[in-house]
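**Q** Residue numbers (UniProt numbering): 1 to 123.
Each hint should be verified, as a subset may be incorrect.
Unchecked claim - Result set (DSSO-like, lysine-lysine): computed pairs, CA atoms no more than 30 Å apart in a straight line:
#	residue 1	residue 2
1	Lys37	Lys12
2	Lys107	Lys122
3	Lys80	Lys121
4	Lys30	Lys14
5	Lys10	Lys23
6	Lys23	Lys37
7	Lys3	Lys14
8	Lys120	Lys107
9	Lys10	Lys24
10	Lys106	Lys119
11	Lys80	Lys119
12	Lys105	Lys122
13	Lys24	Lys14
14	Lys3	Lys28
15	Lys8	Lys24
16	Lys110	Lys121
17	Lys105	Lys117
18	Lys122	Lys80
19	Lys117	Lys107
20	Lys14	Lys28
21	Lys110	Lys122
22	Lys37	Lys24
23	Lys110	Lys120
24	Lys28	Lys10
25	Lys105	Lys119
26	Lys14	Lys37
27	Lys30	Lys8
28	Lys28	Lys12
29	Lys12	Lys23
30	Lys106	Lys122
Stated by the list, open to error - Ranges of calculated distance between the beta carbons of each label pair, as one might list FRET restraints:
#	residue 1	residue 2	range
31	Glu25	Arg82	49 to 57 Å
32	Lys105	Lys3	26 to 34 Å
33	Lys114	Lys80	44 to 52 Å
34	Trp99	Glu25	14 to 22 Å
35	Pro59	Ala36	26 to 34 Å
36	Lys80	Ile118	17 to 25 Å
37	Lys30	Pro97	18 to 26 Å
38	Arg113	Pro86	15 to 23 Å
39	Glu39	Trp99	40 to 48 Å
40	Asn95	Ala15	53 to 61 Å
In short, the hints are calculated from the structure, not lab data.
If you're wondering where the values come from, they're calculated on a predicted model, not measured in any experiment.
All C-beta atoms in this analysis are idealised placements derived from N, C-alpha and C, irrespective of residue type, glycine included.
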Amino acid sequence: MAKSLRSKWKRKMKALKRERYGKKELEKLKQVLDGAKREGSKEIDMTDLQELVNVVPPPGRSHNDTDHDVTEEQMEVGKKARIFDPATMRDQFGNYPVWMGSHRKKKVVKTQRKLNKIKKKKR
Numbered sequence: 001m002a003k004s005l006r007s008k009w010k011r012k013m014k015a016l017k018r019e020r021y022g023k024k025e026l027e028k029l030k031q032v033l034d035g036a037k038r039e040g041s042k043e044i045d046m047t048d049l050q051e052l053v054n055v056v057p058p059p060g061r062s063h064n065d066t067d068h069d070v071t072e073e074q075m076e077v078g079k080k081a082r083i084f085d086p087a088t089m090r091d092q093f094g095n096y097p098v099w100m101g102s103h104r105k106k107k108v109v110k111t112q113r114k115l116n117k118i119k120k121k122k123r
């Protein structure tokens, strides 16, 4: 692909952002390490990190919701698998698969009609 002005500009701006935010990130890391050295312990207290970093849980779900995990583990077994005929691309009820588009359905119907006409002529 050609290197457009827009992509060059975006690359340039990303490099500037990396440089600017890299400095801030480095300062925060140094603060955390200094705090750990002062305490002399090998473990870092997470309360210190919460002051420096904004921790946001994912939307629509909290850490205390465990009943959702249980419902996700249960599977529906009652559904029976549909059996598709490879020649006609239809299941046992005469329906096409969900993933098949309308143009593909028309094409399959057209070829089936042609095959039926050829079979009738041979009789």
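**Q** If a hint holds in the structure, say so; if it doesn't, say that too.
**A** Outcome of the hint check:
1. Lys37 to Lys12: violated (37 Å)
2. Lys107 to Lys122: holds (23 Å)
3. Lys80 to Lys121: violated (39 Å)
4. Lys30 to Lys14: holds (24 Å)
5. Lys10 to Lys23: holds (20 Å)
6. Lys23 to Lys37: With Cα atoms ~21 Å apart, Lys23 and Lys37 stay inside 30 Å; holds.
7. Lys3 to Lys14: Holds, at roughly 16 Å.
8. Lys120 to Lys107: holds (20 Å)
9. Lys10 to Lys24: holds (21 Å)
10. Lys106 to Lys119: With Cα atoms ~20 Å apart, Lys106 and Lys119 stay inside 30 Å; holds.
11. Lys80 to Lys119: Roughly 34 Å between the alpha carbons, so the hint for Lys80 and Lys119 is violated.
12. Lys105 to Lys122: Roughly 26 Å separates the two Cα atoms, so the pair holds.
13. Lys24 to Lys14: Satisfied, since the Cα-Cα distance of roughly 15 Å is no more than 30 Å.
14. Lys3 to Lys28: violated (36 Å)
15. Lys8 to Lys24: The given pair, whose Cα atoms are some 25 Å apart, holds under the 30 Å limit.
16. Lys110 to Lys121: Judged against 30 Å, a Cα distance of about 17 Å means the pair holds.
17. Lys105 to Lys117: holds (19 Å)
18. Lys122 to Lys80: Not OK: Lys122 and Lys80 at ~39 Å, beyond 30 Å, violated.
19. Lys117 to Lys107: Answer holds: Lys117 to Lys107 is near 16 Å, not above 30 Å.
20. Lys14 to Lys28: holds (21 Å)
21. Lys110 to Lys122: Holds, because 19 Å separates the two Cα atoms, which is no more than 30 Å.
22. Lys37 to Lys24: holds (20 Å)
23. Lys110 to Lys120: holds (16 Å)
24. Lys28 to Lys10: holds (26 Å)
25. Lys105 to Lys119: OK: Lys105 and Lys119 at ~21 Å, within 30 Å.
26. Lys14 to Lys37: Violated, at about 34 Å.
27. Lys30 to Lys8: Given pair Lys30, Lys8 is violated - Cα atoms ~33 Å apart, limit 30 Å.
28. Lys28 to Lys12: holds (25 Å)
29. Lys12 to Lys23: The given pair, whose Cα atoms are some 17 Å apart, holds under the 30 Å limit.
30. Lys106 to Lys122: holds (25 Å)
31. Glu25 to Arg82: 49 to 57 Å: Holds, at about 53 Å.
32. Lys105 to Lys3: 26 to 34 Å: violated (44 Å)
33. Lys114 to Lys80: 44 to 52 Å: Between Lys114 and Lys80, where Cβ atoms are some 33 Å apart, the hint is violated.
34. Trp99 to Glu25: 14 to 22 Å: Given about 45 Å between the Cβ atoms, the range is violated.
35. Pro59 to Ala36: 26 to 34 Å: Given range 26 to 34 Å: holds, Cβ gap about 32 Å.
36. Lys80 to Ile118: 17 to 25 Å: violated (35 Å)
37. Lys30 to Pro97: 18 to 26 Å: violated (58 Å)
38. Arg113 to Pro86: 15 to 23 Å: holds (18 Å)
39. Glu39 to Trp99: 40 to 48 Å: violated (58 Å)
40. Asn95 to Ala15: 53 to 61 Å: Distance hint for Asn95, Ala15 holds at roughly 55 Å.
Violation of the numbered hints given earlier is confined to hints 1, 3, 11, 14, 18, 26, 27, 32, 33, 34, 36, 37 and 39; the remaining hints are satisfied by the structure.
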